Structure formats: structure tokens, C-alpha cells
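Asks: Here the protein sequences line up with chains L and G, keeping their order.
The numbers in numbering that gives the first Met the number 0 rise by one with no breaks, and the one at position 131 of the first sequence is 130.
The numbers in numbering that gives the first Met the number 0 rise by one with no breaks, and the one at position 62 of the second sequence is 61.
No wet-lab data here; the hints were simulated from the structure.
Errors might be hidden in some of the hints.
Said to hold, decoys possible - Distance condition first, Cα-Cα at most 30 Å in a straight line; then the derived DSSO-like pairs of lysine-lysine:
{"no.": "1", "chain 1": "L", "residue 1": "K129", "chain 2": "G", "residue 2": "K47"}
{"no.": "2", "chain 1": "L", "residue 1": "K190", "chain 2": "L", "residue 2": "K179"}
{"no.": "3", "chain 1": "G", "residue 1": "K66", "chain 2": "L", "residue 2": "K267"}
{"no.": "4", "chain 1": "L", "residue 1": "K75", "chain 2": "L", "residue 2": "K128"}
{"no.": "5", "chain 1": "G", "residue 1": "K57", "chain 2": "L", "residue 2": "K179"}
{"no.": "6", "chain 1": "G", "residue 1": "K15", "chain 2": "L", "residue 2": "K179"}
{"no.": "7", "chain 1": "G", "residue 1": "K54", "chain 2": "L", "residue 2": "K190"}
{"no.": "8", "chain 1": "L", "residue 1": "K267", "chain 2": "G", "residue 2": "K53"}
{"no.": "9", "chain 1": "G", "residue 1": "K22", "chain 2": "L", "residue 2": "K129"}
{"no.": "10", "chain 1": "L", "residue 1": "K128", "chain 2": "G", "residue 2": "K66"}
{"no.": "11", "chain 1": "L", "residue 1": "K128", "chain 2": "G", "residue 2": "K47"}
As the structure is a computational prediction, the values presented were derived from the model and not from experiment.
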Amino acid sequence: MQQKLTVSQLTKYIKQLFSYDNLLSNVCVTGEISNFKLHSSGHMYFTLKDEHSVIKCVMFKTYNRRLRFKPEDGLKVIIRGYVSIYEAGGSYQLYPEYMEPDGLGDLYLAFEQLKQKLEREGLFSAEYKKRIPFLPARIGVITSPTGAVIRDIMNVLFRRFPNVVLKIFPVMVQGEGAGKQISRALDMINKARAADVIILARGGGSLEELWPFNEEILARSIFKSEIPVISAVGHETDFSISDFVADLRAPTPSAAAELVVPEKDALKRHIMDARIRLKRALAGKIQREKQFLAQLSKSPSLRHPLDKINQLRIDLEQLNKRIENAMERKLESAASRFSVAFGKMDALNPLNVLSRGYSIARSSGKKIIKSVSDVKKDDMIEITITDGSLMCSVTDVMPGT
Amino acid sequence: MDEVKSFEDAVNQLEKIVELLEKGDIPLEESLELFQKGVALSNYCARKLDETEKKIIKLIEENGELKEENFGQEAQ
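The following block holds chain L by itself, in its conformation from the complex (with noise of 0.2 Å):
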């Protein structure tokens, strides 16, 4: 009768027999990600397959920290690794030490992955693009203290602008740490509110050596940061996560220095331009008012002032004399009126009557004789004659025929 052995110890003997054989414990697999988990405790849970098979991987946390893309279902990739026996699950997984995505590099993925993801939330979006100060007194450059970045800076800047204030943040601008250590430059010139805007300044290279500036760490600083930042990273045709969230990109280190401040000699032109254009406008001003007065003393009101006045009082004076001789007139045809009128009354006038020889003949009762029926014999009558009285007794009344 063979021995006989527990499941542990058959289990146990075939991990043993795995963990000897050498391509096992060291083997090299392409294959593409179904499955994926990421568990609580940090390790990552998944299967690879192919068109025919597939293998249960585990990667645990110590490697997985390691990986820079985020692993997704249905990504091929290549994994180092081993294969062991997960004892209390009865089977043999893969236990990847080291995954990259096939095809693509892995930074490449990882820079595409982030960006997509920063994308999503919003930190490129232009409405959080802060204005890059017009004027700034002290500008902070994070960047590498040696080499021809911060000198390319310094030459550009103080040609443009001559006092400024430059305020250097040295930094590792590469390898492990660099993008933590330039995030923590950022935030702490920030909280120190320590210059006007702020330029991440490093030269060509690499993406490897370009990735600091490809960091979630460093992105999230820029995007937090309420200092303006402007990204100059790398060559005109590379682009890093940072320029995406920055306020400005600029497309080299120089090239920061010429966005970052206005040239001071053509400000200056500029300034001047503008007292010059001013005493012009307003010594064209003057002249036109002066021009404008000149023309306003020759308009004959101004210059004789009296005439307006005496032709006036010529007006007045005729109109007077309009109505003098009117009243005159109307006097005199009132006059003439009277007179005629006047003539009437005296041919009428009995006293007029008297003086032409006639007379009158009243009654003793003053009344008026106008017939000889009016009288009788040896009645007292007065007769009256231009220059006085005679009293007449009558001798007869003989009346007419």
C-alpha cells in the first residue's frame, strides 16, 4: 500500500515541484487582461488570456505600487513573473513582479491614461486658467539651479525686464522624487504667496526623463496652485501633463522668460507714445478752440454790438413817428369833422339868424310867435334883433294871403 498523504501535503509537494523548475519561477507571458480587480487591500486580481486559455494572475501590492499606466480590462500586456499553487483555492496562478503594456511603452500609456482622467475632471478646462500677471515684480522659476535652463531664463528675463525680482526654487527636474519634490516646491511657494507667478522650467528629453512633469502629484499642485503657473517643459513638441493643467504653456524655458514679462524698453516707448499723443490731442484741442473764438469775434454781432441796439432805436423811433403822424391824422379828419359840423350848428345858431337881420317875436308868455293867430290886437310883444330888445304893442293882425 502506497503512502498515503493529506490534500496539504499533495498540495504542498506540487508547489514544491513549481517553485524548482526555473521557468516557472522565472517565465515571461503576453496576454490580455479580463477580469481586472483592484481589491481593497491593494492587490490586483485578474486573469491574462488568449484566444484559448487563460491563467488566474495575482499581483500583489509591493509590485503593482510599482506600475505607472493603470491596468484595464482587455489591455495586452507582458508580465514577468512566476507561477505557484494558491494552496487553499486548489489551483496555479501567475504572480506578476513586473507588467508593461504591449505595443505602447508603458509611460506612454500612463501619460495617455492620466491625461484622459485629469481630462474628465475638469483640470484642463480654460475656465480655471488663470490670467498670467501683466507686470509681475517677483517671478518664481522651479526648475534645475545648474545648466542652461535656468541661465536661458535669466538672460532672456533680465534683457526684456532689468530689475526684476527672480526667485529660484532649485529642484530635481528628473528621476524618482522629482515630480513629488517640484509638487512640494509649488505648494510651498504658494502658501508663502512668495511671487507673482510661478514657471516649471525644465529642458528637453526623454519622456522617462520628462515624467516628473507627468506626475498626478505634481498635476494636482498646478491645478491647486493660485499663483499663475506656466509650464515650459521639454522641447516645442513636447507636451507634458503639466502643460495641460498650467495656466500657460510655453514652449520652452526661453520662451516662458519672453511670455512672463513685457519688454521694458518698449513699454517705456509706449508710455511716452502716449504723453506725446496726449499734449498733441490736447494742444489740437486748444488751437480749435482758439480758431473757433477767433472765428465766433468776427460774426458782426460781436464785433460792433452797439449796431443791433441803434437799429433798434431807429425801428423804435419810426414806429413812433408812425404813430404821431397816425394820431395826427386821425386828429385832424376829427377836426375837420368838427368844424363842418360846427358850420352846421352856426347857420342854425337863431343868434346868427338875428345878425343877419332877421328876428324873432315872442309872445308875452315868451313863447315863440310863428302865427298871426298866435296874436291880438294890443297884445304886448317882444321882439327880438341881433343887439337887443324892443317891446312893441300890437296896432293890428292882419293875416296873410
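With the hints as your guide, set chain G onto chain L.
Replies: Showing chain G alone in chain L's frame:
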């Protein structure tokens, strides 16, 4: 006229004033006022340009605080 908030603001105001004056259709008294404002703004701008003094400073972190030091000859 608004308060001057910054150099840029001053330059913008100055430009506006120059344009207004150049149009010439503003009464003389107002023109004089604008002119005075313009001159004051241009003085301000000219002064502002020379205000700062050239300095190169090195920023370092010390015990969690930002410190300023003179920048050496490393990059000069």
C-alpha cells in the same frame, strides 16, 4: 475714472484717455481734466516700471518653511 488697480490697468486707462482726447469732441474743460489724468497715469506707469530692484533669490525649504537666500554664482 476708476481707481488704478495695476500697471496694466493704468496702461489701459491711459490708452483710453489718449483715444478720447484724440477724438477731440470733448469739451475743453473735460479735455483738460482728461489730460491731467493721462499725465498722472503715465507718471504712475513710468514710476512703476522702475519700482522694482533686480534681485536673484534662492528659495529653500527649511523646517517646513520657505526661506530666501541670495542666489550664488552657480548659474551666472
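Asks: Each of the hints needs a verdict: does it hold here or not?
Replies: Here's how the hints hold up against the structure:
{"no.": "1", "hint": "L/K129 / G/K47", "verdict": "holds (23 Å)"}
{"no.": "2", "hint": "L/K190 / L/K179", "verdict": "holds (16 Å)"}
{"no.": "3", "hint": "G/K66 / L/K267", "verdict": "violated (34 Å)"}
{"no.": "4", "hint": "L/K75 / L/K128", "verdict": "violated (37 Å)"}
{"no.": "5", "hint": "G/K57 / L/K179", "verdict": "holds (19 Å)"}
{"no.": "6", "hint": "G/K15 / L/K179", "verdict": "violated (46 Å)"}
{"no.": "7", "hint": "G/K54 / L/K190", "verdict": "holds (21 Å)"}
{"no.": "8", "hint": "L/K267 / G/K53", "verdict": "holds (17 Å)"}
{"no.": "9", "hint": "G/K22 / L/K129", "verdict": "violated (35 Å)"}
{"no.": "10", "hint": "L/K128 / G/K66", "verdict": "holds (28 Å)"}
{"no.": "11", "hint": "L/K128 / G/K47", "verdict": "holds (26 Å)"}
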